[in-house]
Amino acid sequence: MDTISALSQGFFLVLQPQNLLFCLIGSLVGTLIGVLPGIGPLAALALLLPITFTMTPVAGVLMLSAIFYGAMYGGSTTSILLNIPGEAASVVTCRDGYQMARQGRAGAALGISAIGSFVAGTLSVVALTFFAPLLGGFALRFGPPENFALMAMGLVCTLFMISGSKLKGLIMISLGFLLATIGIDVVNGKERFTFGTIDLTGGIDILALVIGLYGVSEILLNVEKIIKTTLVDTKVSNIFPTRDDLRRSMAPIMRGSILGFLLGLVPGGGPITASFMSYALEQKISRNPENFGKGAIEGVAGPESANNGAVGGSMVPVLALGIPGTPVTALLLGALVIHGIQPGPMFITQHADIFWGVVASMYVGNVMLLILNLPLVGMWVQLLRIPYRYLFPVVLLLSIVGTYSANKNIFDLWVMLGFGVLGWFLYKLEYDFAPFIIAFILAPLMEQSLRQSLAMSANGIMIFTQRPIAAVLFTISFLLIALIVFKRHKNELTEEINNANKSSL
Amino acid sequence: MIERFVNLFWIALGFGAAVMALKMNLSGPYGPDSGLFPFLSSVMVCLSGLGLMFDRSSSAANIDWPSSEGFWRVAGVIFGMVALIFLLPYVGFALASFITMIILIRFVERVEWKQSILLSVCSVLSVQILFGYLLDMQLPRGPWGF
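Protein chains in written order, with our numbering: chain A, 1 to 505; chain B, 1 to 146.
It cannot be assumed that every hint is accurate.
As the list claims (entries may be wrong) - Take a look, some chain B residues computed to stay more than 10 Å from chain A by CB distance: (1) Val6; (2) Pro32; (3) Phe37; (4) Val91; (5) Lys114; (6) Ile117; (7) Pro140; (8) Gly145; (9) Phe146.
Said to hold, decoys possible - Reference listing, derived: stretches of chain A covered by chain B, where coverage requires no fewer than 3 residues with Cβ under 8 Å from a Cβ of chain B: (10) 407–416; (11) 448–462.
Said to hold, decoys possible - In the DSSO-like style, the derived pairs of lysine-lysine whose C-alpha atoms are separated by at most 30 Å in a straight line are: (12) A:Lys428 - A:Lys487; (13) A:Lys284 - A:Lys487; (14) A:Lys225 - B:Lys114; (15) A:Lys284 - A:Lys294; (16) A:Lys190 - B:Lys23; (17) A:Lys225 - A:Lys294.
Simulated from the structure, these hints should not be mistaken for lab results.
For glycine and all other residues, C-beta sits at the position ideal for the given N, C-alpha and C.
So that you can see chain A by itself, here it is in the shape it has in the complex (with noise of 0.2 Å):
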């Protein structure tokens, strides 16, 4: 079946009645969790993901999909107004954004945001249209010391990523393994750190797990301080950019769409860092460097649209190989699981209806984000005016339903807790929780890999360096590692030299 037959029956299956509520409905409420600043999309795809139970695993995955990229169309719109970013990846659109609203020219900021979002969103997905499908392909070569030596490289990958210390990065993948061990060995029945008591024999519920770390931490560290909500006093018209903020938007978006799908590809790239490397190149390459941050349009084009390009991105690897780049498309790969799909390359051929209902869900998601986000600004600035107060009780209650929904055990709620409160005191001390989630969601899969090739192998672990792709896989690994190091101890030198020189003076 070819690729455009395939689509048109995934846009067959989207355009059924349910299936397009659910994804309005995931739109729709991914906006508002992107314009809601203290929820962020991981920890809302985690408190719905119990409501897809009941649903076909086609209609829970496109209402989790759309929940996704439209939290990042959404968040745009905080950042604008408030300075406030509702979500992590439109941290760097304040710069700019916020400075447009104080000149008057909100509308024209949210309207070029809206816009790039969906030129960006569109053409990732005709990207991972026909991308997915062909990486799908290639790993169907994969054999188990394949599956892990790719699954230890997303990880490095990931690592490689992510800012602050490598070495606590390191901490949290292993404990992310460590934890996923807990419960029964399904090879051969026996029980590992249970200490005896039932409710550990299942393991640690991902759901109690996500919602204690991005849900309940997320509130602990926003009922800190009082947040007051205080809206740019600019009334927001004429949301239709004027000719010349397309002319010089158009690129910036361009730009920002190409490189945000390219780093969506790269596990531990996603979103957050896609805005900011486009408004890092945008800033390089402009002949007025001197106006970002001063209300410059190219600095909302370009991280709009990159973060938005980047979700599409992010999606190949974990449709096309079950490799999850960021945690919200890890808890995606942990749905997908729990609708009983086998995520890996097979998923392409063996569940093609979900997967092209999925990319033809993010067509048709895109143009609805469109038409929710241009006429309905209005109606999102109005819910800015809840009061955080007002706020977190509820998203209380909904972490309550959404981790006892899921499997109806109480001590899942003491697990939520419990990791909410640890989520709070490690985000102190610069811990990053993205590898930890996506360590946890691999693990499985990971010591499946790898006991089925040592036990396939005569030469133990060199098994890996005798397959050809393995090998490769394992090369690219251990030269991300050395560049971390190398970085690393070029950074120590240059402080170093920075400090004799401090001194000297």
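Dock chain B against the given chain A, drawing on the hints supplied.
Quick look at chain B alone, frame taken from chain A:
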């Protein structure tokens, strides 16, 4: 100082888990056994913790601890959640959530009584109706059936 304790904890955790993993056997008659993957993960935790102990550049530059008022607010939210989870099996979702909402809105956020009660009732009712009835998710019920 606090980071040193955390790093020590990682080392102890990794070491303890590695010892337990060894008891699960690293390899068996059919190849790798249950203990192999947890053992490797534990060793990684232990070694990374050791690395952090000796690596000053990995320490958080400025730990942004909350003010004493902020601490109390965080403690209030945690207490509210503990109360909710503890009460949930005995009094059901509706009452346990109502009590927690009151703790959070009245005592943590210092909103006046009337408004706190109104807000708590409205939020609990909407969550109960949406999830408990419309979406048919089974939420814990108290002795009075809700």
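For each hint, the structure was consulted:
1. Val6: The claim breaks: valine 6 of chain B does not keep its Cβ more than 10 Å from every Cβ of chain A (closest is about 6 Å).
2. Pro32: Incorrect as stated: the minimum Cβ-Cβ distance to chain A is 5 Å, not above 10 Å.
3. Phe37: violated, 4 Å
4. Val91: holds, 13 Å
5. Lys114: holds, 14 Å
6. Ile117: Non-interface label stands for isoleucine 117 of chain B: nearest chain A Cβ at 13 Å, farther than 10 Å.
7. Pro140: violated, 7 Å
8. Gly145: Its Cβ never comes within 10 Å of chain A, the nearest being 17 Å, so this holds.
9. Phe146: holds, 14 Å
10. 407–416: It holds: at least three residues are needed, and the region 407–416 of chain A offers 4 whose Cβ sits within less than 8 Å of chain B.
11. 448–462: holds (count 4)
12. A:Lys428 - A:Lys487: Roughly 25 Å between the alpha carbons, so the hint for lysine 428 of chain A and lysine 487 of chain A holds.
13. A:Lys284 - A:Lys487: holds, 22 Å
14. A:Lys225 - B:Lys114: holds, 24 Å
15. A:Lys284 - A:Lys294: Distance of about 15 Å is within 30 Å: holds.
16. A:Lys190 - B:Lys23: Holds, at about 11 Å.
17. A:Lys225 - A:Lys294: Holds: lysine 225 of chain A and lysine 294 of chain A sit about 28 Å apart, inside 30 Å.
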